[in-house]
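The residues making up each chain are set out below.
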Amino acid sequence: MIERDTFGRRLFFGSNYLFLTILSIMCILPLVHVLAISFSSSAAASAGMVKLWPVDFTLSSYEYVLEKKEFFRAILVTLERVVIGLSVNMVLTVLVAYPLSKEIHKFRGRTIYSWVFVFTMLFNGGLIPLYMTVKYTGILDSVWALVLPGAVPVFNVILLLNFFRGLPKEMEEAAFMDGAGHWTTLWKIYVPMSLPALATITLFATVGHWNSWFDGLIFMNSPDHYPLQSYLQTIVIVKNFTISNLDNLKMLAEIDERTFKAAQIFLGALPILMVYPFLQRFFMKGIVLGSVKE
Amino acid sequence: MLKHTKQESALLDPSAGIRSKSARLSQRPLHLMILPALLLIIIYSYGPILGVVIAFQDFNPALGIFHSPFHGLENFRYVLDLPGSIQVVKNTLIIAVMKLIVGLIVPIAVALLLNEVRKELFKRSVQTLIYLPHFLSWIILGGILIDILSPSNGIVNDLLKWFGFDPVYFLGSNEWFRYVLVISDVWKEFGFNTIVYLAALTGINPALYEAAVIDGAGRWKQTLYVTLPGMAPIIILTSTLALGQVLNAGFDQVFNLYSPQVYETGDIIDTFVYRIGIVDAQYGVATAVGLFKSVVSLTLLSVSYFLAYRLANYRIF
Chain A
1 MIERDTFGRR LFFGSNYLFL TILSIMCILP LVHVLAISFS SSAAASAGMV
51 KLWPVDFTLS SYEYVLEKKE FFRAILVTLE RVVIGLSVNM VLTVLVAYPL
101 SKEIHKFRGR TIYSWVFVFT MLFNGGLIPL YMTVKYTGIL DSVWALVLPG
151 AVPVFNVILL LNFFRGLPKE MEEAAFMDGA GHWTTLWKIY VPMSLPALAT
201 ITLFATVGHW NSWFDGLIFM NSPDHYPLQS YLQTIVIVKN FTISNLDNLK
251 MLAEIDERTF KAAQIFLGAL PILMVYPFLQ RFFMKGIVLG SVKE
Chain B
1 MLKHTKQESA LLDPSAGIRS KSARLSQRPL HLMILPALLL IIIYSYGPIL
51 GVVIAFQDFN PALGIFHSPF HGLENFRYVL DLPGSIQVVK NTLIIAVMKL
101 IVGLIVPIAV ALLLNEVRKE LFKRSVQTLI YLPHFLSWII LGGILIDILS
151 PSNGIVNDLL KWFGFDPVYF LGSNEWFRYV LVISDVWKEF GFNTIVYLAA
201 LTGINPALYE AAVIDGAGRW KQTLYVTLPG MAPIIILTST LALGQVLNAG
251 FDQVFNLYSP QVYETGDIID TFVYRIGIVD AQYGVATAVG LFKSVVSLTL
301 LSVSYFLAYR LANYRIF
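Chains as they are written, first to last, in my numbering: chain A, 1 to 294; chain B, 1 to 317.
For the record, the hints were derived by calculation from the structure and aren't laboratory data.
Any given hint might turn out to be false.
Said to hold, decoys possible - Covered, in the sense of this in silico footprint (three residues per stretch, anywhere, with C-beta under 8 Å from a C-beta of chain A), are these stretches of chain B:
1. 37-50
2. 102-112
Stated by the list, open to error - Calculated cross-link-like contacts (lysine-lysine; reagent style DSBU-like; alpha-carbon spacing at most 35 Å):
3. B:K90 with A:K135
4. A:K51 with B:K90
5. B:K123 with B:K221
6. A:K51 with A:K69
To be verified - Computed Cβ-Cβ distance ranges for the label pairs, DEER-style:
7. B:Q245 with A:I75: 27 to 35 Å
8. A:K68 with B:L208: 16 to 24 Å
9. B:E116 with A:I28: 30 to 38 Å
10. B:L208 with A:I28: 57 to 65 Å
11. A:E257 with B:P206: 19 to 27 Å
12. A:L273 with B:Q245: 52 to 60 Å
13. A:E80 with B:P206: 48 to 56 Å
14. A:V83 with B:V97: 25 to 33 Å
15. B:Q245 with A:S15: 33 to 41 Å
16. B:P260 with A:W183: 21 to 29 Å
Positions of the beta carbon are idealized from the N, C-alpha and C atoms, including for glycine.
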């Protein structure tokens, strides 16, 4: 295609690049600002001197956060939740997606099972009945309350089963000819061939578990069992920052609450900030997978 | 939505006589694979659905679901008489519809602009930066917003003051709160949606552009007559599917940003249920409101999936 390089066209290109650059900067600017505050001295932060670069650079708010027992406990709960929740999610997603990806004459129950799973995306009992169910099954105040109610991520199941359907049928047929059963076929053929799709939903599930906060808030009786985001909710959002002992009080005299909150906000976002640029290749595919279908 | 499975089965059944060897494989392992997930979903998804009987009870936690006295539609009547319950529904609709409209236009526009960019590296950098907020929780973003919008030392108000305006208490003002919700929601999600539209754009046949150029169309005409029609299916799809979400105005976001000062304009059904149910412990009443929302949502979702199927040939699988 040959296009004439007119003045209007160059003007458009120039302003387009400028606009998109500004737009991109606006998406990260608030984060940069908070980061700058977290590295600034409390005096500078409370005087409103900090814009995008730290003023009186100091690590004291991070030192304070990292010395806090509560913060570490919350991180441990989150890690436990991510590991257990992710394993459960992935195993169940694969195990449900495989049978449901079969054609109806190969798996007669498919339609009814599909409906049973999809219906849970359309209708739910609401907050209180869910709370009662969790309570009656005796998992309140344990990590299982954060894992089991969302054990089957139906949306991810749909992404994966669509991917499974796109795999060449010949591989499967050949495996069956060689005497492989469904379990072997799933493990030896489907799973290795679906690594991009599996990477995508692994990322979705991990981010989901890392970012969840509300279930922690309502299913955990004691704040000691809060995962990180629930803990941050009480610190950063609810402003019920209580000074538990004298040591903390002394620390607080030196550290402004604002820089301290900023440090925690940034630490809470850090793992996500670190993984997402590397995995973007995968989830680009994943999104396309979910949106554009033949 | 699931209609095609029926059609498909009708198509496939005649071939039953000539099934390949694989079809004779036992189906038992397939049932077995589904079993664990099925059990969990029956307990934790269908259990709560049965639990909606609480909506028709004078629920008492000490007596439990099985022994609490029934009192029919009393909870529903109670909610209707509550001052502000109509306002909550109104808020939900207004906030959700505002988000849907702005949230539809912005990513489409950005995708079109990004599609004009020839430099791959620049394009990818922009994409990476604009969908960053999508992956952060509303706790993180809420914390950031509370800080930058603070009337005393937030950077946004610093800017306003610098330009000679009076500082605004964005999160405490009924005039501003909804705009903050809409803008921050679009800010969080537009990058992610842009990528969906970009993906649709790459699917447009390049021959159409060549033909347009031969016919003398400039870039603007090409956008108007090739690109936009090419995007039409995905736009129809996302907007019809969005219809089903009209009662979801964003619990995570509102819950982390609102305060009693802005209940008037910012309180939505989900936050209302939380306060009645968890804070005030009126389980029956909260369940009744939740049930109302679920039923209306189910209806809207069914309608939107049906429309998406009809208009854009969308199927879940």
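Legend entry - Numbers of the earlier hints that this structure fails to satisfy, in rising order: 2, 4, 8, 9, 10, 11, 12, 14 and 16
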